[in-house]
Amino acid sequence: MIDSVTLSQEPTQKAPHPVDRRARTLQAFVIGLAVISIYGLISVIPAHFDLWAATKVFIANLQLMFFSPNVGNDSHGLLFQALLASIELAFVTTVLGAGLGLVCGLAAAQNIAPSWLCLTTKSVMAFVRAIPTILWVLIYSVALGLGPNAAVVGLTFHSVAYLAKVFANTIEEIPAQTIEALRAGGCGLLPVLCQAVLPSLASRLLSWTFIRFEINFANAVVVGAAAGAGGIGYQLFVASNFYFNFHEVGMIVYYILAFVFVLEVISTKLRHKFID
Amino acid sequence: MLTVTALSKRYTPDKPSLQDVSLVADAGTITAVIGPSGAGKTTLLRSLNQLLKDDEGTVQLDDVDLRQLSKRELQKARRDIGMIFQNYNLIDALTVLENVLHGCLGAKSTIAGMLAHYTAEEKQAAMALISEMGLSDFAYTACKHLSGGQKQRVGIARALMQHPKMLLCDEPIASLDPKSAKLVMDILRRLADEKDLIVVVNLHQVDIATDYADHIVALNHGRKVFDGTPAELNDAQIQAIYA
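Order-wise, the sequence lines are chains A and B. If you read the first sequence in our numbering, its first letter stands for residue 7, the second for the next number, and so on. If you read the second sequence in our numbering, its first letter stands for residue 4, the second for the next number, and so on.
A hint or two may mislead.
Below, simulated DSSO-like cross-link-like pairs (lysine-lysine); rule was C-alpha separation at most 30 angstroms, straight line [as the list claims (entries may be wrong)]:
#: 1; chain 1: B; residue 1: Lys56; chain 2: B; residue 2: Lys74
#: 2; chain 1: B; residue 1: Lys168; chain 2: B; residue 2: Lys185
#: 3; chain 1: B; residue 1: Lys111; chain 2: B; residue 2: Lys74
#: 4; chain 1: B; residue 1: Lys56; chain 2: A; residue 2: Lys128
#: 5; chain 1: B; residue 1: Lys147; chain 2: A; residue 2: Lys279
#: 6; chain 1: B; residue 1: Lys168; chain 2: B; residue 2: Lys111
#: 7; chain 1: A; residue 1: Lys275; chain 2: B; residue 2: Lys147
#: 8; chain 1: B; residue 1: Lys74; chain 2: B; residue 2: Lys168
#: 9; chain 1: B; residue 1: Lys74; chain 2: A; residue 2: Lys128
#: 10; chain 1: B; residue 1: Lys198; chain 2: B; residue 2: Lys182
#: 11; chain 1: B; residue 1: Lys79; chain 2: B; residue 2: Lys126
Some, not all, of what chain B presents toward chain A, calculated at C-beta under 8 angstroms [unchecked claim]:
#: 12; residue: Asn52
#: 13; residue: Arg81
#: 14; residue: Phe88
#: 15; residue: Ile94
#: 16; residue: Ala96
#: 17; residue: Leu97
#: 18; residue: Leu108
#: 19; residue: Thr113
#: 20; residue: Gly116
#: 21; residue: Met117
#: 22; residue: Ala119
#: 23; residue: Ala123
#: 24; residue: Lys168
#: 25; residue: Asn223
Ranges between beta-carbon positions, derived for each pair [claimed, not checked]:
#: 26; chain 1: B; residue 1: Leu72; chain 2: A; residue 2: Leu204; range: 24 to 32 angstroms
#: 27; chain 1: A; residue 1: Arg28; chain 2: B; residue 2: Ser150; range: 32 to 40 angstroms
#: 28; chain 1: A; residue 1: Ser209; chain 2: B; residue 2: Ser150; range: 17 to 25 angstroms
These aren't lab readings, by the way, just hints derived from the structure by calculation. Since the model is a prediction, treat every value here as computed from it, not as a measurement. Glycine included, every Cβ here is placed at the ideal spot set by N, Cα and C.
Extracted from the complex, chain A is given alone in its bound form:
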């Protein structure tokens, strides 16, 4: 930093110190954000807003939801079935996504695929991934009509792109020499993939797939409401927006929480088992 001052071409005119400039940019950035936030709050808050009253209502609603949950107009059986439907949606899309994702991941791995294929696959996958899952589901619900079809295709689409990327990254961690060693012995590409690449990576590929299952479950809940695909998300939507039954909303949230808890336990167990 001393160098940059002494080397400055105009020593008489005091050049701004690089650190000062960075600090000033940061200050301007923070102040700008603060102004935008305050303006946003003012324009969003309705005219006769009473923070205290709103807080009281909010707490009362929370109490309704979480301290006195019940099944409302539905039954435990129905809610459980709905939860199962969401899990099934997540499961199907994850399995499809993992299968197709593996193929695309191999095509996108630099140490396996020729560079033109690798680049093409990576670009297409990046494009698909850039558009959020929910948008894909909405796009397909226009193309295929509202319902489970759109949800399955849309969720799978994004899962493939996501898994292709992480699979390709994982596959690229295998040293090229390891693959070369088998190729040097006259072994074809497909046997090398099945016998060398997959066994080395099976546990990591599985753990990525499991992470995607968790993501897909969260998406399946949202998609149930958004694309009319059914499942627990749809029940949540109906209970909250049509019946205003906060007790049932609370119950449904507990259902979802219970399942997410189970998932977490399983994934921790798997991690202990595979990454020793």
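Following the hints, put chain B in place on chain A, whose structure we already have.
The following block gives chain B in isolation, referenced to the frame of chain A:
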């Protein structure tokens, strides 16, 4: 018999890494390739099974010029050439037995290879090689738990599983302690003598090359600077090779 004539290879146009290298290696002999780092030893070895291409010259193994073969023919020809490496290049997650069985993947159909469908004879052959390498106790151990010397012996067993005519060894002992290095070199010597293999070894230790090899080829800056028996290699020549 391996006959290499006038082999050249360039990575960049102005800096050739192999220039006009010729050599002959007979069955039942060890040929050591020595020379300083960057002399082109690895490049030469990789040209011998055409892992590296786009060079000039010929690489003849028993009257077949590997450089003239199509992709498919080359894949087939490579079954006759076993290769072992400085970093062993095993699949660490798999057991010793599975790694050794990989040696016969090349001779299988694509489907059988993908499904790892090995015959009983192949499994027995693999077990025999494993015990020959003194690794019987480790047949079902994952390779990641083995020492360097043990891994290199697995590498040799994998190469032998191909029933090769030629064994290419790229710095096989560079990562090993002296005791393991001696063990590996003794094995290579025995293979040349008993199985009548053509063994080509890249080495950077001159003393080991003179102890074990029948024939020494020295490279410097991609050119062959010595070709003869260990007895013909004197101190002045060694100085010149590493100059």
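Using the nearest Cβ pair, does alanine 119/B come within less than 8 angstroms of chain A?
Check passed: Cβ of alanine 119/B comes within 6 angstroms of chain A, closer than 8 angstroms.
Is the distance from the Cβ of arginine 28/A to the Cβ of serine 150/B consistent with 32 to 40 angstroms?
Distance hint for arginine 28/A, serine 150/B is violated at roughly 51 angstroms.
Just to be careful, I want the Cα atoms of lysine 168/B and lysine 111/B compared with a cutoff of 30 angstroms; is the pair within it?
Holds. Lysine 168/B to lysine 111/B sits at ~18 angstroms (cutoff 30 angstroms).
Restraint check, 8 angstroms cut-off on beta carbons, for leucine 108/B near chain A
Where the cut-off is 8 angstroms and the nearest Cβ of chain A is about 4 angstroms from leucine 108/B, the hint holds.
Would the hint linking lysine 111/B and lysine 74/B be met if the CA-CA limit is 30 angstroms?
Status holds; Cα separation ~17 angstroms.
Hold the hint about isoleucine 94/B up to the distance rule: shortest CB distance to chain A must be less than 8 angstroms.
Constraint on isoleucine 94/B satisfied, holds at 5 angstroms.
Please check whether glycine 116/B passes as an interface residue: C-beta within 8 angstroms of a C-beta belonging to chain A.
This hint holds: glycine 116/B lies near chain A, its Cβ roughly 3 angstroms from the closest one there, short of 8 angstroms.
Taken at face value, is the distance from the CA of lysine 147/B to the CA of lysine 275/A at most 30 angstroms?
23 angstroms, holds
Less than 8 angstroms between beta-carbons is the criterion; does phenylalanine 88/B satisfy it with respect to chain A?
At about 6 angstroms, which falls below the 8 angstroms cut-off, the nearest Cβ of chain A leaves the hint on phenylalanine 88/B intact, so it holds.
What's the verdict on lysine 147/B and lysine 279/A, does the C-alpha distance respect the 30 angstroms limit or exceed it?
17 angstroms, holds
Status of the hint placing methionine 117/B at chain A (closest C-beta pair under 8 angstroms):
Hint holds; methionine 117/B Cβ to chain A Cβ min 4 angstroms, cut 8 angstroms.
Hint arginine 81/B vs chain A: min CB-CB distance below 8 angstroms?
4 angstroms, holds
Hint violations for this structure: numbers 23, 24, 25, 27, all remaining hints satisfied.
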